[in-house]
Structure formats: C-alpha cells, structure tokens
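Asker: So the sequences go chain by chain: A and B. Every position in the first sequence, counted from 1, becomes a number in the numbering used here once 1 is added. Every position in the second sequence, counted from 1, becomes a number in the numbering used here once 1 is added.
Everything labelled a hint here was simulated from the structure, so no lab data went into it. Predicted, not measured: the structure shown is a model, and the values here were computed from it. Glycine residues also receive a C-beta, built at the ideal position from the N, C-alpha and C atoms. Treat the hints loosely; a few may be bogus.
Said to hold, decoys possible - Derived DEER-like restraints, expressed as beta-carbon distance ranges:
| # | chain 1 | residue 1 | chain 2 | residue 2 | range |
| --- | --- | --- | --- | --- | --- |
| 1 | B | Asp51 | A | Arg52 | 35 to 41 Å |
| 2 | A | Asn69 | B | Thr70 | 18 to 24 Å |
| 3 | B | Arg52 | A | Gly27 | 33 to 39 Å |
| 4 | A | Glu32 | B | Leu15 | 34 to 40 Å |
| 5 | B | Thr50 | A | Thr12 | 39 to 45 Å |
| 6 | B | Ala21 | A | Ala60 | 16 to 22 Å |
| 7 | A | Thr28 | B | Leu15 | 16 to 22 Å |
| 8 | A | Asp46 | B | Ile72 | 31 to 37 Å |
| 9 | A | Thr28 | B | Arg52 | 37 to 43 Å |
| 10 | B | Thr50 | A | Thr50 | 40 to 46 Å |
| 11 | B | Asp76 | A | Ala25 | 34 to 40 Å |
| 12 | B | Gly27 | A | Thr70 | 38 to 44 Å |
What the hints assert, rightly or not - The list that follows gives simulated cross-link-like pairs (lysine-lysine, PhoX-like), each with its CA atoms no further than 20 Å apart:
| # | chain 1 | residue 1 | chain 2 | residue 2 |
| --- | --- | --- | --- | --- |
| 13 | B | Lys41 | A | Lys11 |
| 14 | B | Lys3 | A | Lys3 |
| 15 | A | Lys11 | A | Lys54 |
| 16 | B | Lys41 | B | Lys3 |
| 17 | B | Lys54 | A | Lys11 |
| 18 | A | Lys41 | B | Lys41 |
| 19 | A | Lys11 | A | Lys41 |
Number of protein chains: 2
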Amino acid sequence: MKARVHIMLKTGVLDPQGEAVRHALGTLGFEGVTGVRQGKVIELDLAETDRAKAGADVARMCETLLANTVIEQYDVELL
Amino acid sequence: MKARVHIMLKTGVLDPQGEAVRHALGTLGFEGVTGVRQGKVIELDLAETDRAKAGADVARMCETLLANTVIEQYDVELL
C-alpha cells in the first residue's frame, strides 16, 4: 500500500521559504501571486495491506519523526 | 484561485533524503516501510480566476523557477 503525507507549516507560522518564492515569482513577472506556502510531501511504500492499520501507522510516523507538530500540521492520504 | 504543486524527483533519480527517512523509520521500529520518496509541495494563492489561464501560469512558474525539470517532475492541481 502507498501513502502520501503532506506536511505544511500551521496557519499563522511565518513561512520565510514560501515568502522567498513569492518574491522571486514577482521579480520574474508573475504578478498575480498573492501568497505562497511551501511544505513537504513524503510518499511511503508500506508492506501493510490493512487500510486502517496503515493509516494509524503513518499517523504515528508523523507524530514521532516526520512532522514537528509544534509548528507543522500533517495530512495522511492512502493511495 | 488556489493551486497546489507537487514536485518530486523523477523515477530513477536517487533520493538520499527519502532514503534517510526510510532508515530513520526502521530504527524507530517501523519495519514495514519499503520505500520513501520526499518532495516539495507549494501552495499558491492566485489573483487569476480563469482556470485554464491559472493552470498555464502555474506550469510556466514550475518550468522557470519552482522545479528543476532535469531531475524533478511536477504536478499542478487547481483547488
């Protein structure tokens, strides 16, 4: 089973990397970009075949390693 | 309009960051993870309201700035 995890900074947390991208897009002539947020996407190949158990496993991976839950939120999608 | 761009290394390109995550998950006891690929996700707020034009604009942003198309592939999703 495959899982995709999106990890983004929580709303309200300053995103300097996204801000840099927004500024760079502006200098390249892309004027209509009003906001940019950058995050991570992690694709996992899992041996587990049970959807419920795989989802719970990936959530535990996020809590313990993949995301910094103080400032980041994560979203698990099973494919 | 909002757009989400996924940028991943192309298949066949070595992903040392993903490999490091896979190894770290193994040492934490998550044995069933057979592969990990890590990429970027960029969320854009666009002033453009026409879907076709917004999609074309974001594709141009990927080609010129957001993705390194030699080793990365991108995928645009309009929300």
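Asker: 38 to 44 Å was suggested as the range; check whether the CB atoms of Gly27 of chain B and Thr70 of chain A agree with it.
Answerer: For Thr70 of chain A against Gly27 of chain B, whose Cβ atoms are near 21 Å apart, the range 38 to 44 Å is violated.
Asker: Confirm or reject the claim that Asn69 of chain A and Thr70 of chain B have a C-beta distance inside 18 to 24 Å.
Answerer: For Asn69 of chain A and Thr70 of chain B the Cβ distance comes to about 30 Å; the hint is violated.
Asker: In this structure, is the beta-carbon distance linking Glu32 of chain A and Leu15 of chain B contained in 34 to 40 Å?
Answerer: holds, 37 Å
Asker: When you take the CB atoms of Ala21 of chain B and Ala60 of chain A, is the distance between them in 16 to 22 Å?
Answerer: Given a distance of about 21 Å, which is inside 16 to 22 Å, the answer is holds.
Asker: Assuming the hint says 33 to 39 Å, is it satisfied by the Cβ distance from Arg52 of chain B to Gly27 of chain A or not?
Answerer: violated, 22 Å
Asker: Taking the Cβ atom of Thr28 of chain A and the Cβ atom of Arg52 of chain B, is their distance within the range 37 to 43 Å?
Answerer: The hint (37 to 43 Å, Cβ to Cβ) is violated, given that Thr28 of chain A and Arg52 of chain B are roughly 26 Å apart.
Asker: Starting from the hint 16 to 22 Å, judge whether the C-beta atoms of Thr28 of chain A and Leu15 of chain B obey it.
Answerer: violated, 32 Å
Asker: Holds or violated: Lys3 of chain B and Lys3 of chain A, Cα atoms, limit 20 Å.
Answerer: violated, 26 Å
Asker: When you check the alpha-carbon spacing of Lys11 of chain A and Lys54 of chain A, does it fall within 20 Å?
Answerer: Given that 20 Å is the threshold and the Cα spacing comes to 26 Å, the pair is violated.
Asker: Take the C-beta atom of Asp76 of chain B and the C-beta atom of Ala25 of chain A, compute their distance, and say whether it sits inside 34 to 40 Å.
Answerer: Given a distance of about 21 Å, which is not inside 34 to 40 Å, the answer is violated.
Asker: Note whether the CB distance of Thr50 of chain B and Thr12 of chain A lies within 39 to 45 Å or breaks it.
Answerer: violated, 23 Å
Asker: Is the gap between the beta carbons of Asp46 of chain A and Ile72 of chain B within 31 to 37 Å?
Answerer: Distance hint for Asp46 of chain A, Ile72 of chain B is violated at roughly 20 Å.
Against the hints set out earlier in the document, violations occur for numbers 2, 3, 5, 7, 8, 9, 11, 12, 14, 15, 17.
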